[in-house]
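Chemist: Single-letter residue listing:
There are 2 protein chains.
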Amino acid sequence: MKFKLEATDPKSNARAGLVTTDHGTIETPIFMPVGTAAAVKAVHKHELIEDIKAQIILGNTYHLYLRPGLDILEKAGGLHSFNGFTRPQLTDSGGYQVYSLADSRKISESGVSFKSHIDGMKLFFTPERVMDIQRTIGADIIMAFDECTPYPCDYEYAKNSMERTHRWLKRCCERFDGTDAKYGYDQTLFPIVQGSTYTDLRKQSAEFIASQNREGNAIGGLSVGEPAEEMYAMTDVVTAILPKDKPRYLMGVGTPVNILENIALGIDMFDCVMPTRNARNGMLFTSEGIINIRNAKWQDDFSPIDPNGTSYVDSGYSKAYLRHLIISKEILGAQIASIHNLAFYLWLVGEARKHIIAGDFASWKNTMVKKLDYRL
Amino acid sequence: MKFKLEATDPKSNARAGLVTTDHGTIETPIFMPVGTAAAVKAVHKHELIEDIKAQIILGNTYHLYLRPGLDILEKAGGLHSFNGFTRPQLTDSGGYQVYSLADSRKISESGVSFKSHIDGMKLFFTPERVMDIQRTIGADIIMAFDECTPYPCDYEYAKNSMERTHRWLKRCCERFDGTDAKYGYDQTLFPIVQGSTYTDLRKQSAEFIASQNREGNAIGGLSVGEPAEEMYAMTDVVTAILPKDKPRYLMGVGTPVNILENIALGIDMFDCVMPTRNARNGMLFTSEGIINIRNAKWQDDFSPIDPNGTSYVDSGYSKAYLRHLIISKEILGAQIASIHNLAFYLWLVGEARKHIIAGDFASWKNTMVKKLDYRL
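Chain order of the listed sequences is A and B.
Quick note on full-length UniProt numbering: the first sequence kicks off at 1 and runs consecutively.
Quick note on full-length UniProt numbering: the second sequence kicks off at 1 and runs consecutively.
Bound-form chain A, shown alone (with noise of 0.2 angstroms):
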């Protein structure tokens, strides 16, 4: 993997950049769309590329360890033979499993044992583990086992939760340098920040990460309930010591407002359900502001889904039908919304990095910040 560093923002720490993997080049700042289970949900593989334009998607290792299964994504050839999503492909590394399934997992130095939300079947994951797997399903980059630790959190689990995390890292370095990538491509692992919302554990961990010099650094254990001025502070400390020379990944972020913000404070990579599970429950994200669908003044507005949108549903179907089919549990109302989501997410971080390109972007964020979280 290759970053290139085009431009920096004169007024914030905005950049603009190029990630280069064996799969194709990706344009930063991004937006990674969530394929948790190998699909990005109620969306094709050639919607993500011709009316999205997703550059790169994620997939989730402890979902796909469950379901296919690596005998699967094995005999597969990777995950891209499996879904035939043939631009990069991010892995997590289970890490936000063990905050999201708290109640039914158990952390203990070697690695965190849990029970399978499907089945209830016993998993141990280690950092080695979780290396190998992700060695088999093959994404373009893998990240490090780690801990998200919950909001709050106490200072002296969130210290012991960071250090456990560096010991593993450490780990997840020795195994994963230690061992080939499968399908002929190149892999590359980045480690993940954290020190929940305590900024010396954060500057901490930031320099930690920082001294492995792995090609990428993530930032985790942020979005998970903290007001957005503690996570802006915490991002500002870690992207202070992180190198520049190399991208920086906020993980599971956030709203548009979110995404914008983060991207002035230094950050290159972003991915989240926001887009999907919201559009879902018929929430649309526009330029203008935040529709929901399902409010009865849709009811006869027969007017185009977004008239500024960039993508075919846009001004294809009306925010009448649109309303009706997600009032009725349609199917097709998930598909219409999810496509318009994911859409404006990357259109407005492509216009981001149109705009620290051109210098102006602190001025357009400010702008547009005012008018993402309007609700029309």
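FYI, nobody ran anything at the bench for these hints, they're computed from the structure.
Glycine is no exception: its CB is placed at the ideal position from the N, C-alpha and C atoms.
Mixed in with the good hints there might be a few duds.
As the list claims (entries may be wrong) - BS3-like cross-link-like pairs, simulated, lysine-lysine; straight-line CA separation at most 25 angstroms:
| hint | chain 1 | residue 1 | chain 2 | residue 2 |
| --- | --- | --- | --- | --- |
| 1 | B | Lys-122 | A | Lys-41 |
| 2 | A | Lys-371 | A | Lys-297 |
| 3 | B | Lys-329 | A | Lys-75 |
| 4 | B | Lys-122 | A | Lys-329 |
Unchecked claim - FRET-style restraints, in silico, Cβ to Cβ:
| hint | chain 1 | residue 1 | chain 2 | residue 2 | range |
| --- | --- | --- | --- | --- | --- |
| 5 | A | Arg-164 | B | Lys-53 | 55 to 63 angstroms |
| 6 | B | Asn-292 | A | Ser-104 | 29 to 37 angstroms |
| 7 | B | Lys-2 | A | His-46 | 34 to 42 angstroms |
| 8 | A | Asn-295 | B | Leu-123 | 24 to 32 angstroms |
| 9 | A | Lys-297 | B | Thr-25 | 38 to 46 angstroms |
| 10 | A | Asn-295 | B | Ile-107 | 32 to 40 angstroms |
| 11 | A | Asp-373 | B | Lys-2 | 49 to 57 angstroms |
| 12 | A | Asp-186 | B | Leu-70 | 54 to 62 angstroms |
| 13 | A | Ser-104 | B | Ile-107 | 51 to 59 angstroms |
Knowing the structure of chain A, use the given hints to seat chain B on it.
Modeler: Frame of chain A; chain B shown alone:
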């Protein structure tokens, strides 16, 4: 509406024809994908046209009346404007719900009272009201209000119900003929033959329906649980009586084999939820037989879904991937399987048409029906 009979198979009663409406011409025999609530489940409108080659789709009066409701449909300018499918559309009258919602409706001479399956709201459908509703929905072909009787059905009930359906038909025709289309294009009313599985009743009903001299005729009350042989026997009795110069629509049928057998008996139009409903459960219809994609045997079969298939999903996705999606309840699985099954149904009736025109339908049909039910 116009119907042109183009060809008749020399060794069966199969026919090829053209039905022309103000929204375009339909080549018969034809299968109509079911879009109950103004959407074919899990399928975009451009997929209906480009990938599935749908020439006409079907909506449902009962469902559309409840959601989005007549007010919205009228403001939209009718169903075509509302859902954006600009080819012909047909609406069922609600007569099928008299059967399928038997526990929450009451039949009287004047009409049928229903309790909404959504919120328990009471509604009362009379033949006149159903004509008015279908004028407002605005399909090209609308159906008379009838009672679809269950199977088995005792003779007395079947006879009384049929006679009431005939009386209702007169009321439908009177109301339909006394009102105008609302959106600048023509509508036509198809009456429905009933009579359960009783040959004398079916004959009597077919004669009555034929005597009404509408532009097309339908057969209802079949495919409700009776053995296929009884269905074919009833179709045979009825098509011998219905005029040859008008299209014949067999409602709610059926499997691929049912469709070919009924084409051989002189049916021109079909609809059924089977290709979409079964798709969502992982059952795929192919020219070589039936695939239950949930079966473990497909889990590491990375071959295309259907090498003989006509839509892009058939070559663009593997069996193993589709199995994974269906097992994981990913919406994309329903999307892929629905496109496949509908494209297959449209291919099947298109092939039937070619063979009717070529004059070798009967032998082709006999070869095909042996393969279509085979479990792959």
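Chemist: If a hint holds in the structure, say so; if it doesn't, say that too.
Modeler: Cross-check of the supplied hints:
| no. | hint | verdict |
| --- | --- | --- |
| 1 | B:Lys-122 / A:Lys-41 | violated (37 angstroms) |
| 2 | A:Lys-371 / A:Lys-297 | holds (20 angstroms) |
| 3 | B:Lys-329 / A:Lys-75 | holds (22 angstroms) |
| 4 | B:Lys-122 / A:Lys-329 | holds (22 angstroms) |
| 5 | A:Arg-164 / B:Lys-53: 55 to 63 angstroms | holds (58 angstroms) |
| 6 | B:Asn-292 / A:Ser-104: 29 to 37 angstroms | holds (31 angstroms) |
| 7 | B:Lys-2 / A:His-46: 34 to 42 angstroms | holds (38 angstroms) |
| 8 | A:Asn-295 / B:Leu-123: 24 to 32 angstroms | holds (25 angstroms) |
| 9 | A:Lys-297 / B:Thr-25: 38 to 46 angstroms | holds (40 angstroms) |
| 10 | A:Asn-295 / B:Ile-107: 32 to 40 angstroms | holds (38 angstroms) |
| 11 | A:Asp-373 / B:Lys-2: 49 to 57 angstroms | holds (56 angstroms) |
| 12 | A:Asp-186 / B:Leu-70: 54 to 62 angstroms | holds (60 angstroms) |
| 13 | A:Ser-104 / B:Ile-107: 51 to 59 angstroms | holds (52 angstroms) |
When the structure is compared with the earlier hints, a violation turns up for hint 1 alone.
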